[in-house]
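*Asks:* Chains as they are written, first to last, in this note's numbering: chain A, 1 to 393; chain B, 394 to 645.
Take these hints with a grain of salt, some might be off.
[Unchecked claim] FRET-style restraints, in silico, Cβ to Cβ:
(1) A:D168 to B:N499: 45 to 51 Å
(2) A:E354 to B:C643: 39 to 45 Å
(3) B:Q416 to A:D391: 46 to 52 Å
[Stated by the list, open to error] List time: in silico DSSO-like cross-link candidates among lysine-lysine, alpha-carbon distance up to 27 Å:
(4) B:K487 to A:K338
(5) A:K39 to A:K85
(6) B:K487 to A:K390
(7) A:K184 to A:K127
(8) A:K306 to B:K487
(9) A:K85 to A:K99
(10) A:K101 to A:K111
(11) A:K183 to A:K80
(12) A:K111 to A:K80
(13) A:K254 to A:K306
(14) A:K300 to A:K322
(15) A:K338 to B:K403
These aren't lab readings, by the way, just hints derived from the structure by calculation.
Ideal placement from N, C-alpha and C gives every residue a C-beta, glycine not left out.
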Amino acid sequence: MSQLKENEKPRVDLGRYSFDQHEQPALKDLRQLSEEDRKQLLMAGVDASGAQRSGSFLHVNHSKVHCSSCRKGVEILDIKEALDKYDGLPEYYWQAVDKDKDEFTRAAAEKVHGGYFIKTEKGARIKDPVQSCLFIKGENVGQNVHNIIVIEEDSELHVITGCTTSADVTSALHLGISEIYIKKGGKLTFTMVHNWGSEVMVRPRTMAIVEEDGVFASNYILLRPVKSVQSFPTVFLNGARSVASFNSILVAPKGSYIDSGNKIVLNAPDTRGEIISRTIPTGGTIIAPGIIEGNTAPAKGHLECKGLVLSEGIIHAIPELKATVPGVELSHEAAVGKIAQEEIEYLMARGLDEEQATSTIVRGFMNVDIMGLPAELQSSIEEIIDETEKDMF
Amino acid sequence: MLTIEDLFVKVGGREILKGIDLQISDGENFILFGPNGSGKTSLLMTVMGFDGYEIVQGRIYYNDQDITHMPAYQRARLGIGMSFQRPPTIHGLKTRDMVRLCAGDNEVDVDEMAKEVNFTELLDRDINAGFSGGEIKRAELLQLMAQDPGLVLFDEPESGVDLENMNLIGKVIRGILDGPLEPRNGISMKELKSRHQTSGLIITHTGYILDYINADRGQVLYEGKLCCTARPRDILDHISKYGYKECVRCLN
Numbered sequence: 001m002s003q004l005k006e007n008e009k010p011r012v013d014l015g016r017y018s019f020d021q022h023e024q025p026a027l028k029d030l031r032q033l034s035e036e037d038r039k040q041l042l043m044a045g046v047d048a049s050g051a052q053r054s055g056s057f058l059h060v061n062h063s064k065v066h067c068s069s070c071r072k073g074v075e076i077l078d079i080k081e082a083l084d085k086y087d088g089l090p091e092y093y094w095q096a097v098d099k100d101k102d103e104f105t106r107a108a109a110e111k112v113h114g115g116y117f118i119k120t121e122k123g124a125r126i127k128d129p130v131q132s133c134l135f136i137k138g139e140n141v142g143q144n145v146h147n148i149i150v151i152e153e154d155s156e157l158h159v160i161t162g163c164t165t166s167a168d169v170t171s172a173l174h175l176g177i178s179e180i181y182i183k184k185g186g187k188l189t190f191t192m193v194h195n196w197g198s199e200v201m202v203r204p205r206t207m208a209i210v211e212e213d214g215v216f217a218s219n220y221i222l223l224r225p226v227k228s229v230q231s232f233p234t235v236f237l238n239g240a241r242s243v244a245s246f247n248s249i250l251v252a253p254k255g256s257y258i259d260s261g262n263k264i265v266l267n268a269p270d271t272r273g274e275i276i277s278r279t280i281p282t283g284g285t286i287i288a289p290g291i292i293e294g295n296t297a298p299a300k301g302h303l304e305c306k307g308l309v310l311s312e313g314i315i316h317a318i319p320e321l322k323a324t325v326p327g328v329e330l331s332h333e334a335a336v337g338k339i340a341q342e343e344i345e346y347l348m349a350r351g352l353d354e355e356q357a358t359s360t361i362v363r364g365f366m367n368v369d370i371m372g373l374p375a376e377l378q379s380s381i382e383e384i385i386d387e388t389e390k391d392m393f
Numbered sequence: 394m395l396t397i398e399d400l401f402v403k404v405g406g407r408e409i410l411k412g413i414d415l416q417i418s419d420g421e422n423f424i425l426f427g428p429n430g431s432g433k434t435s436l437l438m439t440v441m442g443f444d445g446y447e448i449v450q451g452r453i454y455y456n457d458q459d460i461t462h463m464p465a466y467q468r469a470r471l472g473i474g475m476s477f478q479r480p481p482t483i484h485g486l487k488t489r490d491m492v493r494l495c496a497g498d499n500e501v502d503v504d505e506m507a508k509e510v511n512f513t514e515l516l517d518r519d520i521n522a523g524f525s526g527g528e529i530k531r532a533e534l535l536q537l538m539a540q541d542p543g544l545v546l547f548d549e550p551e552s553g554v555d556l557e558n559m560n561l562i563g564k565v566i567r568g569i570l571d572g573p574l575e576p577r578n579g580i581s582m583k584e585l586k587s588r589h590q591t592s593g594l595i596i597t598h599t600g601y602i603l604d605y606i607n608a609d610r611g612q613v614l615y616e617g618k619l620c621c622t623a624r625p626r627d628i629l630d631h632i633s634k635y636g637y638k639e640c641v642r643c644l645n
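Next comes chain A alone, as it looks inside the complex (with noise of 0.2 Å):
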């Protein structure tokens, strides 16, 4: 039996981390760090080649160290550097996210580090992804990221975002706000990879909102140890026909407190709205929540929890619907428990043994297919499964 039970959720202690001193200087190319850092940045879905990007952001510690754009059409910043160019972003800085929400909100508040600014063109169809990462290299560093994403009307773009500590830290704890803004006919794909130490505290809060006809697909990863994530990404489809998808997958190993999921507000006519996730504790505990809210008719949305418990671990998954007017369109499909025996005995029947049968059926739990991920992430992904299945059975 896991020990790690629900009522033993673990606890942020602020004053436990170093919020300052942690300085880092700056570098020209991402391929100037070393070797076992770019591992850890690739573990994460970072690629310190750049190859196939259309910029690159990386924050480590408490700075910016690097920040390129090489396509016309996207503008990436260091939030400090987009305050001051545009007095303040009025517009976005907090402005969807409530500065007063919690005590994390408040910490990020008082004294942030840094954090990316990504903003389209109207128009600008960016075809390779901005990657960004958020790097922690130091025992007990409490890194602030305030990060905000604006796509502008009838743009398009990818922003995969990587999370990741190098491979000496253990202890950590990462704040990151993300505000996104998605305009008329805007379609914003982003891929967060989790790639933490076993001691890391982590608490995001981001909200994103979708104007008419915009699109939002959220891709979220994590397959390696982490002590605590706590997250909520919450989305406003706000404009007519907008539409927002949450794709998530978490495996948490011994050790790992997962509380991670979604919700979607559905606020203007033809809005659709669906949540996937896809859970596997090896041993640890995860809180999968999700909730859809329609608020207008019609609208849809659909949420899916599925997660397999194979060996030891906790799931508890909570899926929530909320309708306050007539006409919305809500449904849910929950599934935890275990593989069922006759898909197991449908491959035995092909030849597979049952070993084989089960680890056939779990990598297919975990494709990431439906993410519309590039291809060399993807199979880094891939990479990481077969590395964590290992410790499935």
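Since chain A is already given, all that's left is putting chain B on it; use the hints.
*Replies:* Frame of chain A, contents of chain B only:
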């Protein structure tokens, strides 16, 4: 190829098969008739080696090897293949990859085989996800083609299939059982046939499949017992005229 001796099988504590003796020779196609609930599918599942089919008495041999207590995957590797009536969906497993798994260590050209069963467009879909009746059948056949078994177990290959699909499915089944139907350069048809020794154990209600394959022999399974050995056509004609009541008389 397959020898079943005095086989008694229980499912969920209830005796379903009550003393089956059956022999299928190399390359022979055996047709199994019988009313619903008579134990036909249970017999196939027992030969394939599924959990839940408890052999309380009797033996099963495949190519003179005792497989009575062998797990399903080993039987599959020895060359027993099965087409499922209602196979489960496996999310995230593409049909293309499933077909490759069926081939084991053999190299197969999945795209080339898919053309034969008109399945090219569905190869990248998850196996059985939202497939129609005909698509399920064609996917099952594609998997069997890749596995290239020595004994094929077909559970109602014609169920849920429209006439157009039936034609395609019938021909493909014949191909799996009888081998290539056209002479090739340098090899005579006789030689081709003698190399291809796939046997079939086929359940049918409607008999449509008999229009496509060489059915050598048939029997009726009634309340867990085999009876009425005859040519499959004759059995079918008899059942469609008189039903299964003759079996009752014959067995008592």
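*Asks:* Would the hint linking B:K487 and A:K390 be met if the CA-CA limit is 27 Å?
*Replies:* holds, 22 Å
*Asks:* Hinted pair, alpha-carbon criterion (27 Å max): B:K487, A:K338. Please report holds or violated.
*Replies:* Since the Cα atoms of B:K487 and A:K338 sit roughly 21 Å apart, the hinted pair holds (cutoff 27 Å).
*Asks:* Could you grab the alpha-carbon distance between A:K111 and A:K80 and see if it respects the 27 Å cut-off?
*Replies:* holds, 11 Å
*Asks:* Next pair to validate is A:K184 with A:K127; report whether the Cα-Cα distance is within 27 Å.
*Replies:* holds, 19 Å
*Asks:* Is it true that the CA of A:K85 sits at most 27 Å from the CA of A:K99?
*Replies:* holds, 22 Å
*Asks:* Can you confirm whether the C-alpha distance between A:K39 and A:K85 stays at or below 27 Å?
*Replies:* Answer violated: A:K39 to A:K85 is near 34 Å, above 27 Å.
*Asks:* Between A:K101 and A:K111, is the straight-line Cα distance small enough, at 27 Å or below?
*Replies:* holds, 16 Å
*Asks:* Check the hint pairing A:K338 with B:K403 against an upper bound of 27 Å on the C-alpha distance.
*Replies:* holds, 26 Å
*Asks:* So does A:D168 sit 45 to 51 Å from B:N499, Cβ to Cβ?
*Replies:* holds, 47 Å
*Asks:* So if I understand the rule, the pair passes when the alpha-carbon distance is 27 Å or less; does A:K254 with A:K306 pass?
*Replies:* Answer holds: A:K254 to A:K306 is near 20 Å, not above 27 Å.
*Asks:* Would you mind confirming whether the straight-line C-alpha gap from A:K300 to A:K322 stays at or under 27 Å?
*Replies:* holds, 11 Å
*Asks:* Going straight from one Cα to the other, do A:K183 and A:K80 come out at no more than 27 Å?
*Replies:* holds, 23 Å
Hint violations for this structure: number 5 only, all remaining hints satisfied.
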